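Trainee: From just these sequences and the hints, can you work out the full model?
Residue numbers (this note's numbering), protein chains in the order written: chain E, 1 to 798; chain C, 1 to 103; chain F, 1 to 230.
Keep in mind the hints are simulated off the structure, nothing from the lab. Just so you know, these numbers come straight off a predicted model, no measurement behind them. You may find that some hints are simply not true.
[Unchecked claim] Here are a few chain E residues that sit away from chain F, every Cβ distance over 12 Å (derived from the structure):
| no. | residue |
| --- | --- |
| 1 | H315 |
| 2 | A564 |
| 3 | W713 |
| 4 | T736 |
| 5 | N761 |
[Said to hold, decoys possible] Restraint ranges, calculated between C-beta atoms of paired labels, are given here:
| no. | chain 1 | residue 1 | chain 2 | residue 2 | range |
| --- | --- | --- | --- | --- | --- |
| 6 | E | I786 | F | V165 | 39 to 45 Å |
| 7 | E | I796 | F | Y213 | 47 to 53 Å |
| 8 | F | G174 | E | I796 | 38 to 44 Å |
| 9 | E | V768 | F | L75 | 32 to 38 Å |
| 10 | F | Y213 | C | E100 | 19 to 25 Å |
| 11 | E | V762 | F | V202 | 42 to 48 Å |
| 12 | F | I117 | E | V752 | 51 to 57 Å |
| 13 | F | I117 | E | V768 | 38 to 44 Å |
| 14 | F | R166 | E | Q770 | 48 to 54 Å |
| 15 | E | V762 | F | S87 | 28 to 34 Å |
| 16 | F | L75 | C | E3 | 44 to 50 Å |
Positions of the beta carbon are idealized from the N, C-alpha and C atoms, including for glycine.
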Amino acid sequence: MPETGDILMFLLTAAWLLPLAGFVVEIYWLCFSHRLNKGAAYCAVACIGLGFLCSFSALMYWGFDTKWAALSEPAHHGHDTAHDAGRTEGGHEHDAHAANTEHADHAEHPDALTKKYYTGTYYELARFGALRVSLDWYIDSLTLVMFTMVTFIATCIHIFAIGYMHDELTEEYEDHEVHLHNGGHFSRPGRFHRFFAYLSLFSFSMLGIVLSGNIFQVFIFWELVGLSSYLLIGFYIERKSASTAANKAFIMNRVGDFGFLIGMMILWTSFGTFQFGDRTDGAHTEAGLFTMVRGQDGKLDVSEDGKQVYLQDAHGHRAEKNGQPLTISYMLLVAAGLGVFAGSIGKSAQFPLQTWLPDAMEGPTPVSALVHSATMVAAGVYLAARFYPVFTPEVLLGIAYIGCITLFIAATIALVVTDIKRVLAYSTISQLGYMMLAIGVAGWGAALFHLVTHAFFKSLMFLCSGSVIAGCHHVQDMSRMGGLRHKMKITAYTMLVGVIAIAGLAIPGTSIGLSGFYSKDAIVASALAYSELNPGHILLFIAPLVTAGITSFYMFRLWFLTFAGAPRDAHVYDHCHENPSIMTTPLLVLAVLAAGCAWGGEGGPLYRLIADSETVPAVARVASVGAAKVILPSHQGHESDVHHVHSTAGMLALISAIIGMSLAYLIYVKKTIDANQIRKQFSGVYDFLVDKWRFDSLYEAMFVAPVHIISAWCVSFDKGVLDPILHSAASLTVLTSKWDRAFDETFVDGLVNLVGTVTYNVGNSLKVIQTGRLRQYVMWIAVGVIVLFGALVTTIPK
Amino acid sequence: MGEVGLSAYLMVGAVLFVCGVVCMATKRNGIGVLMGVELVLNGANVNFVAFSRYTSLGLDGQTTALFVIVLAAAEAAVALAIALNFYNNHLTIDVDRGNELQG
Amino acid sequence: MIEQLLFYVFAILTCGGAIAVVATQNVVRMAFWLVVSLGSVAALFFLLHADFLGAAQLLIYVGGTVVLLVFGVMLTASGPYTTIKTSPAEGIIGAAVGVMLLMVLVSSIGNVDWIAISGRLPSSPESPSAADATRKAHAEESLVNSGSTKALSEFNANQQQGRTVRQLGLSFLGLRPDRNLKEGGANGLAPGYFLPFEIVSVHLLVVLIGAAYLARAKRRAVSEDRVSLD
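Mentor: Next up, the structure:
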């Protein structure tokens, strides 16, 4: 019987590598089929669908193997130890830690001692001293949930894309967005297969991030995700806006990745390992990053002066090397955390680097749904969550504020945007800000809970918007829509489900709502608990609360503008139609999941599954000892800080959401308040928001313009100094070569030719002697003898 | 008439040799050229045998002469074969016609 | 006296035959004069006490080579009376060159001291100028030295007059009865002609095969041409 970890590894590896195989097949599709064949799409769907089946069966297997222990009530101070021990019996690292459970210092937290993950190595790429660079896998319940979620949503979106990308199935695709000089449109062969190849590549990269067992491997797939994103945003590469957006996304991500690289270097130099989990190598157990920082009890072992952090070995002791305890400077640990988080900022489009995501909507809508709402941008949140043990409270505070700023900025911009996809894009940024905020306020489970629910309802809404766009023949401006619910019933009502979910609406007085209600509730509760414990940071509660209302407002605004009311553009309305079932079926499936996936809230299965992976259980309050004096709230069990404020927070968020919805209803349906009048009254604010808080202009002035100036200077230097030097060198060379050639042609060649000519002439003249007449030769012999004799006689003295 | 000495025989050899050379140089008939060759060889042979008789060369001279006779016979056979081929190719035995080696 | 007479007769025959060969234009007559000349050379060989060589000359040259040449004449004759004439100018030039060459040779024969030159040969016990005297002195000397040398000297003295068949045969087998080889420091066998004899034998065989190959008949094409010409 293979070990549980190995079975999970095999299943998830299959799910991970299937899209890669699909990518290879699809990218060479034209080698063995033609452009009009839909097989590439079916191949992609089959790969990702099989991946989903593998992931789901892995999740099921894990559940049954652990007797669904994760779904039961969270462990209260060791009551569930027996369960946990049984669950990890097959785990690689179990034996080493089982021996340590008796350790007196840690007896209070026995459940923290049992490992809840499986890890191992596929292949070791290289070894630099103590550092191993390898391909590892790391599986815990979070990995399983992420795999299932990503593969499921990807499958839905792949199927949807078959219908959405249908017009690419042609030899002659005319791109109406690209205007040529002659007034016509650019046309090119369709790229149906290429689109699906990119989607498969993206799926492979995303799953690679989730499955990675070390930070270096995460970085590899991080970059691959960035690459796929670049390819997909720039899918309509002939459009200027698309290629610019692709570049923008890539460069913005580079900025974040730079921080990521710095963080990785710090981790390497300080810890000497990239591994997440502990690695058992025979009898010896090598501690991973998380164990080294947090030890066995989840606490930072900070020295008394607060400047050093003692690293822990795999057995719950301070790690030692040559008798000296291994330490890392506290500030260095903060810097490492901030560096890794910088990567997350780039990928998840957080506050300073958020401008690329709205532009990324230039890609086809399924891409927006899959890459830029459900999965790739979530990778940043996922990374931050994975690295939660390494983050010090100072870093967490930074994360919280970054998330707080982002969610507010994005939500306000979304108020005024009229492009249906951009509203969703800003809402995505805003929701990602929620997740970051949750991580920052120690609401680890809440953040990932929201990540999963958001993935479902946001992909649903993006697909709905895609359906609208496809139905309206690529009209994206909401001001030209209206009343579409009569024509696109399925799209309209599935969209409504998504809107209600993201707005966090529920039946007042009960706690029955759609998925967004529960997850946002959890985040707001975490934030409230945090701000109660740290009154100085009350903003971290107020901003999400207000933004919950704003979110509700702009989402209902979107729905009302698009589907309700009277048609504003008769042409669009007349020509729009509901899409075929291949596009609407995924909408229905996703709508069901968006509504129900968070069933039960924080007592429900999804939250329990995620929270099971929590690497640093926050069962009690943790007071920070570093520079930032913050207290992290406890949020497990009925007596925790978070549970305490849960109902209050839920009520406040719900009220906020209902206010937002009502406002939207009044403005856009009843029209009791005139939107234009408000716009005029607050024209300054409105312009500011339309300009996206002027971030683009700011970056233009701060970075782009200086770069242009420096580039212009470089160009003039090149042209004025370097080019003349090069040109003169070149002409000098030419001159020398010409002289050399003349010398060669006259002197050297002349010499050689002279020798040749002389030889030829001598031979030619001697030819006359060779008469070929035998008798003459004999005569000459005789004459020769006589002459020789005569010469002999005359020259030799007697 | 004095005693016949070495010089007398050498004179005979010289006459034979010169006759052979002149024969080779003047005869256009290939067979005539061959005859000239035979005369030259015989002139040499007379010299060899004369030296054998009058100097300390002894039997060495006679042996060499014997080899010359034998080789001359062989040479005559081969030369005749060449002459026949020449005749087959040119339908004449005139050596002046065989000037293919002209430069 | 008779020897001198015979020499002059045969010397004249030899030279006359050779000149006649040069002078004659008809090939068959040239062959006849050649026979005369070569036969006289054979007689001169006898006069020089080289009896075996003279016989060989008669057998091989007069009996073999000349007959071969006559066959050649027969096979290459274009017509019954065709003679290929040499231009008179060529004849004169040839005669002039021949005379000059003869003068060169005669002058060198007369001017060179042949006896002095032959004295430089290895192990030359005899002085050609006084052949008998030295031969006697040599015999006495060798008598004193050893019995074998004495026997050799006697052998030389006795066999000097003409009978050379046995001596040639021995020399071909590597023995030299006419030489005192010990004096030269050699081992007594070195200057034999055994190996050259074998080489010449093989050479003759090769020549025989080669001649047969060269002269082999390719008659068909030629004869057809001739028929067509006729």
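Trainee: Does each hint hold? Answer for all of them.
Mentor: Against the structure, the hints:
no., hint, in the structure
1, H315, "holds (100 Å)"
2, A564, "holds (113 Å)"
3, W713, "holds (94 Å)"
4, T736, "holds (66 Å)"
5, N761, "holds (30 Å)"
6, E:I786 / F:V165: 39 to 45 Å, "holds (40 Å)"
7, E:I796 / F:Y213: 47 to 53 Å, "holds (49 Å)"
8, F:G174 / E:I796: 38 to 44 Å, "holds (41 Å)"
9, E:V768 / F:L75: 32 to 38 Å, "holds (35 Å)"
10, F:Y213 / C:E100: 19 to 25 Å, "holds (21 Å)"
11, E:V762 / F:V202: 42 to 48 Å, "holds (43 Å)"
12, F:I117 / E:V752: 51 to 57 Å, "holds (53 Å)"
13, F:I117 / E:V768: 38 to 44 Å, "holds (41 Å)"
14, F:R166 / E:Q770: 48 to 54 Å, "holds (52 Å)"
15, E:V762 / F:S87: 28 to 34 Å, "holds (32 Å)"
16, F:L75 / C:E3: 44 to 50 Å, "holds (47 Å)"
Taken one by one, the earlier hints all hold for this structure without exception.
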